[in-house]
Amino acid sequence: MPYTDPNIGEMNEDLFDLRMSEDARPLFEHVKRFIEETVEPMYAEFSALGKDKSDIWSYAPGQLDVLEKAKDKAKAEGLWNFFLPDAETGEGLKNLDYAYIAAELGKNPLASETMNCSAPDTGNMEVLERVGTAEQKERWLKPLLAGEIRSAFAMTEPGIPSSDAKNVSTEAKLDGDDWVINGEKFYISGAGDPRCKIMITMVKTSPDAPAHKQQSQILVPIDTPGVKILDGMQVFGNYDAPHGHMHIVFDNVRVPKENILLGEGRGFEISQLRLGPGRIHHCMRSLGAAEKALELMVIRGMGRQAFGRDLIKLGGNLEKVSRARIEIEAMRMMVLKAAKAMDVLGNAEARVWISMVKAMVPERVCKIIDEAIQIHGATGVSQWTPLAQMYTSQRTLRLADGPDEVHHMVVGRAETRKYTGDEEDPAMAAVWRK
Amino acid sequence: MPYTDPNIGEMNEDLFDLRMSEDARPLFEHVKRFIEETVEPMYAEFSALGKDKSDIWSYAPGQLDVLEKAKDKAKAEGLWNFFLPDAETGEGLKNLDYAYIAAELGKNPLASETMNCSAPDTGNMEVLERVGTAEQKERWLKPLLAGEIRSAFAMTEPGIPSSDAKNVSTEAKLDGDDWVINGEKFYISGAGDPRCKIMITMVKTSPDAPAHKQQSQILVPIDTPGVKILDGMQVFGNYDAPHGHMHIVFDNVRVPKENILLGEGRGFEISQLRLGPGRIHHCMRSLGAAEKALELMVIRGMGRQAFGRDLIKLGGNLEKVSRARIEIEAMRMMVLKAAKAMDVLGNAEARVWISMVKAMVPERVCKIIDEAIQIHGATGVSQWTPLAQMYTSQRTLRLADGPDEVHHMVVGRAETRKYTGDEEDPAMAAVWRK
Amino acid sequence: MDFEYSPKTKDYIERVDAFMQAHVFPNVETYEAQHAEIGRWAVPPILEQLKEKAKSEGLWNLFLPPNAEHDTPEYQGAGLTNAEYAPLSELMGRVEWGSEVFNCSAPDTGNMEVLHRYGSEAQKAQYLRPLMAGEIRSAFLMTEPLVASSDATNIETSITRDGDEYVINGRKWWSSGVGDPRCKVAIVMGKTDPSAARHQQQSQILVPLDTPGVKILRMLPVFGYDDAPHGHAEVLLDNVRVPADNLILGEGRGFEIAQGRLGPGRIHHCMRTIGAAEMALEKMTRRLLSRLAFGKPVAEHSIWEQRLGEARTDLEMTRLLTLKAASMMDTVGNKGAKDEIAMIKVAAPRMALKILDDAIQAHGGGGVTSDFGLARAYASIRTLRLADGPDEVHLRAIARSEMKKYRENPNYPTHALAAE
Amino acid sequence: MDFEYSPKTKDYIERVDAFMQAHVFPNVETYEAQHAEIGRWAVPPILEQLKEKAKSEGLWNLFLPPNAEHDTPEYQGAGLTNAEYAPLSELMGRVEWGSEVFNCSAPDTGNMEVLHRYGSEAQKAQYLRPLMAGEIRSAFLMTEPLVASSDATNIETSITRDGDEYVINGRKWWSSGVGDPRCKVAIVMGKTDPSAARHQQQSQILVPLDTPGVKILRMLPVFGYDDAPHGHAEVLLDNVRVPADNLILGEGRGFEIAQGRLGPGRIHHCMRTIGAAEMALEKMTRRLLSRLAFGKPVAEHSIWEQRLGEARTDLEMTRLLTLKAASMMDTVGNKGAKDEIAMIKVAAPRMALKILDDAIQAHGGGGVTSDFGLARAYASIRTLRLADGPDEVHLRAIARSEMKKYRENPNYPTHALAAE
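As you go down the protein sequences, you meet chains A, R, L and U in turn. So for the first sequence, the numbering used here puts the first residue at 1; every next one is plus one. So for the second sequence, the numbering used here puts the first residue at 1001; every next one is plus one. So for the third sequence, the numbering used here puts the first residue at 2001; every next one is plus one. So for the fourth sequence, the numbering used here puts the first residue at 3001; every next one is plus one.
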């Protein structure tokens, strides 16, 4: 694929209109209202029900009922699967518009799921929609679209640096009419949920092919014999259960030949489909976290005194607040611009923009949350504020979907390619998803 | 003045359309072409003529001729005074459009002046246009608009922290029909130019009035007896001659009563007029410098080897390139947004946005230039690259127009005012101009 | 100035390191396996075995410096000064529970120092003896959830005399160590006289944890970690009655006692932190060497060289300043060393967190999970930037010393102190 | 480990500081006034007067460490080790030309060390004697504009034997000190044998500056400063002929010599840099105390407290590591101290630049101009991050040492070195 200049540093006019489109505004307003009126009270009830559950990997009685009720309501109001392009026209929400909506979805942990727009299902559904066979769609896409089951994407492996996706080593060998899969995966997000039924699994099928044609993606039902879920990976001590980030061994797992997606050696090709939008959504949600942290920082700074002065007037805190605000506004514009670039230039061409925000946002949001922790004293690391939890999840984002370093390589090399005209290494993009 | 929320952190839709307006595009293209075709060759000639001049505070023979020729051409082509709002309609270029144009003007040191759009004349002309009497306009605005003379703005004083403009201590006392002015100013930019004829001077006329009503602005012809230009202030060893940043003593300087602008005690009021646009223009020009530094960094990194590898692959340089690119794009969006905020909300309401970019841009551009210096080795601090010169001028911007700290106070306090509803201290804005 | 350790220190360094290599590192997995088996709030038996072993080798109570006034044959440490002990503290800090093996872990060290210096004979017999023997553990109840405790005059818990008893009421949190079943006693800071001068309102008193009215409300997580079995508790003191003899030193002397305890504790924490940073740097380096990405070892991606180089540099500088602070405590006392102690209190956790953050980054997904101990070390050291006064307070104190030179003496000679 | 200076060092510290307070600081203005009067490239007479005075007080050639092998009654320094000299270097560094007063300024110090160690008797008589007497000055011509000189094998200047002479051709720059009218001789690095093994191609040779063919093309500004009368020259060597005896040590031994000179020079630069940082911190503090903004002294705007606190902390840490590196040079030699020297080479200028940048910020417009010397110090110290190898090269070297531990020995015990 010849590399085209992604317009960084250039004045591509279309990239400078970052307004939400008029068409999307009713949906945006509706989602906002729905979260306020339906999701928030549902979440309160859901949390109360789950308070004393003994098995963290389960839902407490009644929890799924209230969730399902809200999902039904969303479906009835037409707030359902709006992440997905129209099956016939191929048109869907613009990335820019979705970015605005994602910022709203980020305000409640169950908002996305209530409207069937939560990761990793969204990426999986997109992939199935675009490259699935009729049978695959019937069997898996349909219940996913209906919100009846959930799914996972099994990519990352513990033994290798998965940021270079060529390293994936779980192998799938054809044996008669079956693929036999052996290997070890970790950080398989969502695989802890009892409703998770299917995993799209990245495997090496063709070790002798050129480096970018060795990988394939295969559908593996989670109850297939040989799929052994060992444990959840803790993130700063939290399991994030029941969703979970699971550690899974594939021990002679057999699935029918037809479970392959698109075809042998086309794993990378499929990955291109799923990378852009998801990253942007994460980044928009990260901004929500940063806004929250800043708000907490200011309120704490104004409400607490030491040495006879408000905390906000001590410790250089006012400047820290200012720096946080400046970063947030700059990040917001960058995320919106990356979303717009995807709309205008397409996901592939926009990848440098996407890498820019991926390398920029979680690192800086971590910094803002850390300052907010600091002004809270010991309260900041405890469960009395959401800050510690927010920190760990943002810190993890600096590793998920490619560590910062890989994205800096993408951006840095785009800069050098302006002078060399070289092509890009396509492996530098496909990585594990949260 | 009751404080209104400046929409930071809010979704004011109008602020998200950062495209240049269609109306402005022909002017933008024309300016770009004019710089390329007329200013650049003129500047080369101008520089060659000045190479061996003995008095740095003068122009070498022929220098002003080539400059004037280019100015005449600009005037003939209609590229003249476009910074100024239409005298009758009050309408002028939008700040957003001007921001795009300023980025172009920043590419050549004489571009602004050739089109009579250079600081500090622009601010002075705006002020005269808006608050000057008919006589004042005839005597000073007319030749300024015609590009026949230049001007200065005398605000900063060595003895006091001028970031708090209430501190200005140069005093003007009415004595019969004259103001008698005594005091000391420094960093009076442009006063070194032999063509500089007039200074708008900030003085204290009314020490007994409330803090914000003590200051006035008075027109002082630079050849008035008692105006003693002591020396230019060096900036990292450079005089920036003949423009210069002069150190001036006012020793019983007498000017007619009528030279006051707007009226006694209205100095702050006038300052509000001049602060916003100028800061934005500086920031756009800073971006030009950052782009230049990044370009030099990449080219150097690719063209030089050590230890058998390109420099770009050593020392973490590729990541530094990436970080620079990300910062530049984020700064660009913030500057454009601040410009747009001035258009949509007005200068006063947009002041928090202006402070955000003023606190953000020069600091980060300094960092980028410093990285570029580093990859150049000793060449980076010498005259073989423009980097050292760029660094000093960007470093100075962190102090000019209010040091970073004051702008962070403005932004930080805006954040706290969201919760308190307090008013802002208007003194926190008016500072020295470059 | 001499940057070599004395032969005595070298000898101890060798012995402690050898003990760590031979007995502690190899048992980290044992500890974790036992802990998983016996439950969060129980103590893995291996720990007590290792303590016996360390005691038998004379590597015991190393933290307690010689004190001519208070040392007795019964109550004395191993005879090491703060400066001699500091590098040992670093070595122990390489494993989270390493210090405890040598009976050198917080908050017992501070409590033992306080009792050693200010305790009555009866208090010593009852609490100092078993603490020094490693038979019980202890807590220090200072921070309160409702006030900015970095300004200790804000502490609100009341200690009221009632006949032969004191009655204590208040709410404390971040009471570290309370989760341990062996934790038997706490030193509680509170106000005996709210009407006294600002620094004479506070007192410190010994409270056995089984006294009626001591209610452990819950254990606080740090990020996701409960730090079991040590733990950080929120404790309600609800009409807790203890004998009047439990008061330490006397009414209104709480600040005096507190000031004595802070210095050494901070040095210990800083040195342990440096040990943790060394571990992180080692893990990072090994990891970078062992993994390939884009065709070469990650270690050769040049950004990582820069990070490693900066990590080593920052680590060495921080260690030296910490050792200097320890040495100053020995030579000019806690008060003379107060600026240096403030400096390391800020510098050491910042340095370690930067290195840990890079190490986490180098480990990818493994970094944030429990596999390499990095996320956990991050969480625990992050807390140090808040405990014992946040960075901001210490930087302020240093700044004020700086200003004092010129404020009180405008003719202060140019840098008379520059090279002292 | 002992953080107190020895009585001998303390005595020298007192004497040098007293000399600075009594004679150097009060004459800074005199120096500048004289310099303004006599022209950029002339030497203010006050400097020579102060040199005489320092020499008469025995504060002379303090930098040259005792060397049993090479010391003779005629050629020896004041007998101070690197560690003893380091704090003096800091004290001198508080004034830009302070070191020269004590005949301790670069690049003469390095050149004198080289001649003292490797010079022939004739070379010593001709050049070392007047250098040690402060009668002439010297330069070191190493860096070249056309190659990445941080990798010294790239140096291209040719030194070709022709009968009893060597013929030198090449282009050098950043030849510091060449502007000084007293600068009489340069040591030039170049290739005598391009076909030899990589590290045996280079030699060093003495070149009197008045030799025909030595052409000073121009003086290079650093930011806007010409650093007159010292100056940094671009020098063309155009068929420069010198006697064959001018070669130092022997053909192909240029690297060997270069390695000896780098260590002490770096320590000196770092300590001078620390002195400059102290001055900046003092100026910043005084300034902040003296100015009001928004109703209170700027010093009480809390962001400044944080910056002052961080400045003092960073300064103390950097000084200690520099002193340790100096001490290691004395005890384990340049080679054993190479990592520490690399660390301070990176750490000291970074620390000082941060403090200077804050100090500039505190001084407003005065900060970037010449009034407080801050912008000038910034420019000059910024150059140190590039001279003698940029930061990146040193960080890389440190990183490689770090990797070496595990690369060459996968069983390297966990932190055996942690507390050494």
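Misleading hints may appear alongside valid ones.
[Claimed, not checked] With a cut-off of at most 30 Å between alpha-carbon atoms, the simulated DSBU-like pairs for lysine-lysine come out as follows:
| id | chain 1 | residue 1 | chain 2 | residue 2 |
| --- | --- | --- | --- | --- |
| 1 | L | K2354 | A | K213 |
| 2 | R | K1292 | A | K32 |
| 3 | A | K367 | U | K3191 |
| 4 | L | K2010 | A | K204 |
| 5 | U | K3191 | L | K2010 |
| 6 | L | K2010 | R | K1367 |
| 7 | U | K3191 | L | K2354 |
| 8 | R | K1075 | R | K1032 |
| 9 | A | K313 | L | K2354 |
| 10 | R | K1367 | A | K418 |
| 11 | R | K1367 | A | K313 |
| 12 | R | K1094 | R | K1051 |
| 13 | U | K3191 | R | K1313 |
| 14 | U | K3191 | A | K313 |
| 15 | L | K2335 | U | K3354 |
| 16 | A | K173 | L | K2354 |
| 17 | R | K1313 | R | K1094 |
| 18 | L | K2405 | U | K3215 |
| 19 | U | K3008 | L | K2405 |
| 20 | R | K1257 | A | K313 |
| 21 | U | K3010 | L | K2354 |
| 22 | R | K1173 | U | K3354 |
| 23 | A | K51 | A | K94 |
| 24 | U | K3191 | R | K1213 |
Keep in mind that the hints were calculated from the coordinates and are not lab data.
Restraint status (C-alpha distance of K2335 (chain L) to K3354 (chain U) at most 30 Å): 29 Å, holds
Proposed proximity, K1213 (chain R) with K3191 (chain U) (alpha carbon, max 30 Å): Roughly 73 Å separates the two Cα atoms, so the pair is violated.
Given pair status - K313 (chain A), K3191 (chain U), alpha carbons within 30 Å: 62 Å, violated
K1292 (chain R) paired with K32 (chain A) [C-alpha distance capped at 30 Å]: Roughly 43 Å separates the two Cα atoms, so the pair is violated.
Distance restraint between K1173 (chain R) and K3354 (chain U), which requires alpha-carbon spacing of 30 Å or less: 44 Å, violated
Hinted pair K1367 (chain R) and K313 (chain A), Cα distance within 30 Å: The hint holds at about 28 Å.
Pair hint K2354 (chain L) and K213 (chain A), alpha-carbon separation not exceeding 30 Å: Violated - the C-alpha atoms of K213 (chain A) and K2354 (chain L) are around 39 Å apart, more than 30 Å.
Hint consistency between K3191 (chain U) and K1313 (chain R) [alpha-carbon to alpha-carbon, up to 30 Å]: Answer holds: K3191 (chain U) to K1313 (chain R) is near 28 Å, not above 30 Å.
Hinted pair K2010 (chain L) and K204 (chain A), Cα distance within 30 Å: Violated, at about 54 Å.
Restraint check for K173 (chain A) with K2354 (chain L), where alpha carbons must lie at most 30 Å apart: At roughly 44 Å apart (the allowed maximum being 30 Å), K2354 (chain L) and K173 (chain A) break the hint.
Hint consistency between K1094 (chain R) and K1051 (chain R) [alpha-carbon to alpha-carbon, up to 30 Å]: Distance ~38 Å between K1094 (chain R) and K1051 (chain R) Cα, so the pair is violated.
Distance restraint between K3191 (chain U) and K2354 (chain L), which requires alpha-carbon spacing of 30 Å or less: 44 Å, violated
Hints 1, 2, 3, 4, 5, 6, 7, 12, 14, 16, 17, 18, 20, 21, 22, 23 and 24 from the list above are not met by this structure, while the remaining hints are.
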